[in-house]
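Start from the sequences and build out the full structure, keeping to the hints where you can.
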Amino acid sequence: MDVKSRHHLRGDEIDDIVAAIEAGLGVSVEGDAFERVEFTDADREVVLVDGEPYVAFFGDDPFLTVQGAEAFPPEQHVVTVDAGAVSFVSDGADVMRPGIVAADENITEGELVAIAEETHGKVLAIGRALVDGDEMAGDSGRVVESLHHVGDELFEFSV
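Residue numbers -16 to 142, in our numbering, belong to the letters of the sequence shown in order.
Hints listed in this document are in silico derivations from the structure and should not be mistaken for laboratory results. Quick caveat: nothing in here was measured; it's all calculated off a predicted structure. All residues carry an ideal CB built from backbone N, CA and C; glycine is no exception. Hints may contain errors.
Said to hold, decoys possible - Pair by pair, the computed Cβ-Cβ distance ranges are: (1) 138 to 18: 16 to 26 Å; (2) 123 to 91: 13 to 23 Å; (3) 15 to 65: 37 to 47 Å.
As structure tokens, then:
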């Protein structure tokens, strides 16, 4: 990922990002410096918080990256998968119903979600819900589209 531009965010821009993440995940992102990074070879923008890629824009929506979720563990909009799904999700696969052990019932179709593994609660991926949270568990079907995962370009990005 080649950096096209990098600039510090204004206070109101920071407030909007922090408020959106707090509303979506129930956590407050804190830091002294927030910088927006645009890339020449990717649609996505990243927000560095104290130099770390903790926030990314998925479409127009700011959301924690996998690293951001490690630093600020989400309290809501989390989908938890079993051990059998971990390797698939970590490789970027979409989440299928049989692998889900829990899902926040407040998730609405189309919202961004954090995908965590059940043993340690570590976030493996970020995705977009294809169904409401109370419809996620079941026998078959794809329920979360993977947008960012452990080991992808965004995960490997550093400045």
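The hints, checked one at a time:
{"no.": "1", "hint": "138 to 18: 16 to 26 Å", "in the structure": "holds (18 Å)"}
{"no.": "2", "hint": "123 to 91: 13 to 23 Å", "in the structure": "holds (22 Å)"}
{"no.": "3", "hint": "15 to 65: 37 to 47 Å", "in the structure": "holds (39 Å)"}
Against the hints set out earlier in the document, no violation occurs for any number.
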